[in-house]
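Visitor: Residue numbers (my numbering), protein chains in the order written: chain A, 1 to 228; chain B, 229 to 602; chain C, 603 to 779.
Rather than coming from a laboratory, the hints here were simulated on the basis of the structure. Hints may be right or wrong, so weigh each one.
[What the hints assert, rightly or not] According to the in silico footprint, chain B covers these stretches of chain A (three or more CB under 8 Å from chain B):
| # | segment |
| --- | --- |
| 1 | 6-17 |
| 2 | 24-33 |
| 3 | 49-57 |
| 4 | 67-77 |
| 5 | 130-137 |
[To be verified] Heads up, simulated BS3-like pairs for lysine-lysine below, C-alpha to C-alpha not over 27 Å straight-line:
| # | chain 1 | residue 1 | chain 2 | residue 2 |
| --- | --- | --- | --- | --- |
| 6 | A | K8 | B | K419 |
| 7 | B | K436 | A | K8 |
| 8 | B | K312 | C | K612 |
| 9 | B | K419 | A | K49 |
| 10 | A | K18 | B | K436 |
| 11 | B | K524 | A | K190 |
| 12 | C | K708 | B | K526 |
| 13 | B | K526 | A | K191 |
| 14 | B | K524 | A | K191 |
| 15 | C | K769 | B | K526 |
| 16 | C | K612 | B | K526 |
| 17 | B | K524 | A | K185 |
| 18 | B | K312 | C | K765 |
| 19 | B | K419 | A | K18 |
Where a beta carbon is used, it is the ideal one built from N, C-alpha and C, also for glycine.
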Amino acid sequence: MSTENRGKTYTVERGATKLRAGQGLGTGLGVVIKHFADAFTKKLDSPEKTSGVFTVQYPEERLPLAEAYRNFPILLYDDASGQELCTSCFQCQRICPPQVIHMAQAKDPATGKAIPAVSAFVIEYDACMSCGLCAEVCPFDAIKMDQEFELSTDYHSGLTVDKTDLNRPISFYEKLAPTFWGEVKDGALKKLQANIKRRPGELGIAPQMLGKVPTNPETAPLELRTTT
Amino acid sequence: MLKTQELQLNIGPQHPSTHGVFRLIATIDGETVIDLKPVFGYLHRNHEQIAEVSTYIQIMPFTDRLDYFNSMANNFGYALAVEKLAGIEVPQRANYIRVLMAELTRILNHAAAIGFMLNDMGAWQTPLAFGMREREKILDLFEMASGARMMCNYFRFGGIWRDLPPEFLPQLQGLMQGLPTFFDEFERLLKQNEILLGRSVDVGILPKEVAASYSVTGPMLRASGIAYDLRRADGYSVYPELDFDIPVGAVGDVYDRFLVRLAEMRESYRILQQVIERLPETTGGHINPAMASMNKQKSLRPPPGDAYGRVESPKGELGFYLVSDGSDTPYRYKVRAPSFINLTPLGDMCRGHTVADVVVILGSIDIVMGEVDR
Amino acid sequence: MASWSTDDLKAALARDLPGVLAAYLPPQLSAPAEPRKKGAQAPVDLLSTQDALIHPHCIADVARYLRDTHSYTLLTNLTAVDYLRDNVIELVYHFARVDGGVLTVKTRVPREAPTLPSLAPTWPGADFQEREAYDLYGVIFQGHQNLRRIYMWDEFEGFPMRKDFPKQGDKYIGEGE
Ligand code: SF4
Ligand code: SF4
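For reference, chain A alone in the conformation it holds in the complex (with noise of 0.2 Å):
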């Protein structure tokens, strides 16, 4: 590897190590000076400038996020039907590094096999690393990466979330996150569409929104009642 030709190694000026007194301060104080009236005067506002108010007022004013901004995850519904994306296939619970998933899969009354809907979702906010794993490794993107970061609270279970509060319309996080739903999205909703017919009464239903949206017939059509 020729790495010779790509720059040197030169030694660091040290400068006049010392000065007349006052000298260094004086030049010093200049740039805070300067730094201090423009703290009265301009707005910084934009990535070029160095000098300015760059306090924000928080929480009078907000600075935006940005779209992959992530925090905790929720999981998604979809508004029409009411019904959950997630499967419980699991892949997220395995993925989790501080292991903060937790869920059961629902079974079909009838038959006792398992059907591709989750019966119980639990995630431990508190233990939560905000890495987005599970979001990521989600085959049907039924597991998202909210926004919210103001969920400090002094009520320390508050913070182990349950499915009825982890869920979300997909209206909800479209706004969040419009391009990163837009590319998944035809593919998310052609899952959903074949899971829910294998979904029997009210399983797979977003609890909230149970009473509001129809809920499929108690047995679902028996070729369709195989296992994920």
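Given chain A's structure and the hints, the job is docking chains B and C with the ligands onto it.
Guide: Chains B and C with the ligands only, in chain A's frame:
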């Protein structure tokens, strides 16, 4: 002649100048330090053993927490080691974005490191605010690209998580316009300041040979006059295609460490310019197509063997030694943490100086306890 | 001088320091003592290596030879690996040169009596790393001035990174915790 008595002084573990939960046992004679023993482990969580029971991709977010200032550099080192172990190629574009992130990390680390060092000298918060302001802008960019400001978890084996969003490059260009002003101002503010000179010139000298025998790396070693930079020595990623110089110090004191960091920020700026220029022409996607799906990432099983991958993190040589037994979790995972090893000569450097200097010397090493204790 | 490959290193060691290279003993793979990890196929011979393997008592000579004769001045990394099934602890040393190139030197000590000479007197940089290997693996480095625990507290019993250290339970925290 007045007879004095030796005294043991405990600095830390909870002390604003110890950069985290870190304790120093100083034996002092009057104001002079005659012996100094660092004590740590307060943040020890056996990261290496957690890794032995995690799959390869699960370790990636844990590496963010090593040196939480430079999560991108940690990701880089770990990804490099796994790619070496499993023989995964990285496309050119992914490599350029990686270098882009690594150099931004270097600027933000050095800006903050100088600020914190000045904090330790008593210039409470003002220089730090200058550094932190630029750091914030860079963190905004990280958030845009990776979704998180500090715990980025952005690298994947064979590439990166996602390509840069469209609004990234315009904002980066804006930042690049402002950076030279920042460097100049920072230098005007500090370089010839009498207080900084008084506190740092000829303090904590680490001569060349001693530095080498202590295995210190990064800006500390370069300040002692040894031009050891893995970007040049190993030429990993696309660094061989980029022009940059290696600044070294002449004396090896705290002042030289400060100057080397200033100069390195400028060099990083040069690298960034070249990367931005070439980024549109780079070929290959953001990730190797063979590794693009999360399924491949999570079921990665490198062949049995070992690999040592290392990168030049802003704090020094960050190495990952991995042993695979062919399963999906590493058999052994070891982090060669730069700030841990850079701490070794602390006792020697402080001997003969005053207690106030100890704090400055520690600040000039630029440690992060998350990495020291692992 | 270009940086060395592993073969260069082995050739140089064989030439200049006869007797330091240890032969690799084929393992007895008959009875795997440890339950196999999920997904691992046949027991893998973890000990087979291409790297230079030396006798533990020669480590100081080899290190000095590499530094003084071939300017591998930086002892970059020092790490221990526990091979429970083969009943050895392997020490891996990485030596680096300022102008590029890193060499791996390995040596093996038995798990029951993991003792070898310390490099800390000549390479003060090995000080903390040897303490780390002692703390987590129980490797005794003879000649180390201050071989004390570095992460765990002094009274801690056992070596937490060893493969047979219990991963579950904590004797310092009661059952109720
Ligand atoms: S959230 Fe996704 S990955 Fe997790 S169980 Fe449901 S479908 Fe599977
Ligand atoms: S974001 Fe990471 S830590 Fe949190 S639940 Fe998902 S996988 Fe687990």
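Visitor: Any hints this thing doesn't respect? Which numbers, in order?
Guide: Hints 12, 16 are the ones this structure does not satisfy, whereas the remaining hints hold.
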